[in-house]
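A.B. asks: We have chain A already, so just place chain B on it with the hints.
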Amino acid sequence: MKSRKSFWLGTLAVVAAGLVTGVTLADRVLHRPVESAEAAWAEVFDSPAGLARSVDVIALAQAVGVAPGRVATSDKGEGPLPFQLVDFDVIHGLKGTAAGDRVTVERAGGVGPSGQAVAITADGGDFVPGEVYLLFLKQQPDGAYFYQVNDQGRYQLKGNHFLAVRPDDPVATRLHGVTLEQGLARVEAALGGDRPGGILEK
Amino acid sequence: MESKKRWIAVLALAFTLAALVGASAAFASHRWGCWKYANYYIRWYNGASGDYYNIYQEEARTDSNSWHNYTDLDLPQVGSAGTSDHVNAYAGFYGSNGWLGLASIQRASGCTVLQGNAYLNRSYLDSGYSRTNKKHVACQEVGHLFGLNHNTGSSTTCMNDTILSAPQPNSHDQALINSLY
Chain A
1 MKSRKSFWLG
11 TLAVVAAGLV
21 TGVTLADRVL
31 HRPVESAEAA
41 WAEVFDSPAG
51 LARSVDVIAL
61 AQAVGVAPGR
71 VATSDKGEGP
81 LPFQLVDFDV
91 IHGLKGTAAG
101 DRVTVERAGG
111 VGPSGQAVAI
121 TADGGDFVPG
131 EVYLLFLKQQ
141 PDGAYFYQVN
151 DQGRYQLKGN
161 HFLAVRPDDP
171 VATRLHGVTL
181 EQGLARVEAA
191 LGGDRPGGIL
201 EK
Chain B
1 MESKKRWIAV
11 LALAFTLAAL
21 VGASAAFASH
31 RWGCWKYANY
41 YIRWYNGASG
51 DYYNIYQEEA
61 RTDSNSWHNY
71 TDLDLPQVGS
81 AGTSDHVNAY
91 AGFYGSNGWL
101 GLASIQRASG
111 CTVLQGNAYL
121 NRSYLDSGYS
131 RTNKKHVACQ
141 EVGHLFGLNH
151 NTGSSTTCMN
161 DTILSAPQPN
171 SHDQALINSL
181 Y
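Chains as they are written, first to last, in this note's numbering: chain A, 1 to 202; chain B, 1 to 181.
Just chain A, with the same shape it has in the complex (with noise of 0.2 Å):
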């Protein structure tokens, strides 16, 4: 009796600091001060090929330099907001663009005006100088430059595999990990319609 009583106690405590365990391992893994900016994006698409066709550049290009753009304020003028203009040199175009081009995204972060680093995550935060980027772009109404429509549409070339700003979204799992052949032709295979068999629209 006092045998068995031992064995759900001891069980009990087993279970418990397995749970306990498996809380803090996750809370490690995902609860860090990484991400600083979370963004409503005004366009979240369901498909690659929906981003591929709304988007007015596609492009494998490498940032060549960050400048500080405009700071934004509220209506009231309060709440600095700086962005920075970014450009790139295209490598490769998919659609509206070609190598050798020059294209500058304009997106929020950088210094505001009392010194302060604004660091904004939300789109895979800042780029940086020198590394390769498949892009996917809108152009601003009423500009030159270009933004990056969304979190979906941006993926840093590392080795030659691309990574996206959020793995486990629909749409960029498709890119995610991918090698640099590899998202090319499945960016290129959405770009040519609904096609039987195209990679993209699985």
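Be aware that a few hints might be false.
[Claimed, not checked] Going by beta-carbon spacing under 7 Å, a handful of chain B positions derived as facing chain A:
#1 33
#2 49
#3 92
#4 97
#5 98
#6 104
#7 105
#8 117
#9 137
#10 144
#11 161
#12 162
It is worth saying that the hints were derived from the structure and are not from the lab. A virtual CB, placed ideally from N, CA and C, is assigned to each residue, including glycine.
C.D. replies: Chain B in isolation, oriented as in the chain A frame:
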């Protein structure tokens, strides 16, 4: 001896299953990183004007299911923006940059948020978006600052970033906020 080994195997299995259950629960929590304010008392500065002011007020303080009324959070309104224990809410024409709204942790100490700013982008919201849509975005951006992430699994919460038709937190958000604060 055989019996002892069997019990050890059973206990190891129980531990593993419990760990998996615990990890799954943590993954499903819809926390945004480890962010949270120091405590439930967070100063609320509404820097918007016109109906955007009303929208922020309704979502943060005055609706029955606002963050202030529906959760354990206490959001006393203050007259100016601040850099410690503050949510600062703004609306303006931020341009065509893809986002309707933005939540930005501007000052923090470790995981503790000191200053969170919410922005509503009128460059988009002023044309073609309903008042309900605007309320959804306002609710979501403020909810982020309190420590909540997107939640695409429910159509009843403003934390779902794939819809714009649920301008309020739901009971899951309420429980999560109350567990944090």
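A.B. asks: Each hint should be assessed against the structure and marked as holding or not.
C.D. replies: Comparing the hints with the structure gives:
1. 33: Nearest chain A Cβ about 5 Å off; hint holds.
2. 49: Hint holds; residue 49 of chain B Cβ to chain A Cβ min 5 Å, cut 7 Å.
3. 92: 4 Å, holds
4. 97: At 5 Å from the nearest chain A Cβ, residue 97 of chain B passes the 7 Å test, so the hint holds.
5. 98: 5 Å, holds
6. 104: At about 5 Å, which falls below the 7 Å cut-off, the nearest Cβ of chain A leaves the hint on residue 104 of chain B intact, so it holds.
7. 105: Residue 105 of chain B check passes; min Cβ-Cβ to chain A is 4 Å, inside 7 Å.
8. 117: For residue 117 of chain B, the interface hint holds, since the closest Cβ of chain A sits about 6 Å away, which is under 7 Å.
9. 137: For residue 137 of chain B, the interface hint holds, since the closest Cβ of chain A sits about 5 Å away, which is under 7 Å.
10. 144: Result: holds, 5 Å to nearest chain A Cβ.
11. 161: 6 Å, holds
12. 162: Status holds, d = 5 Å.
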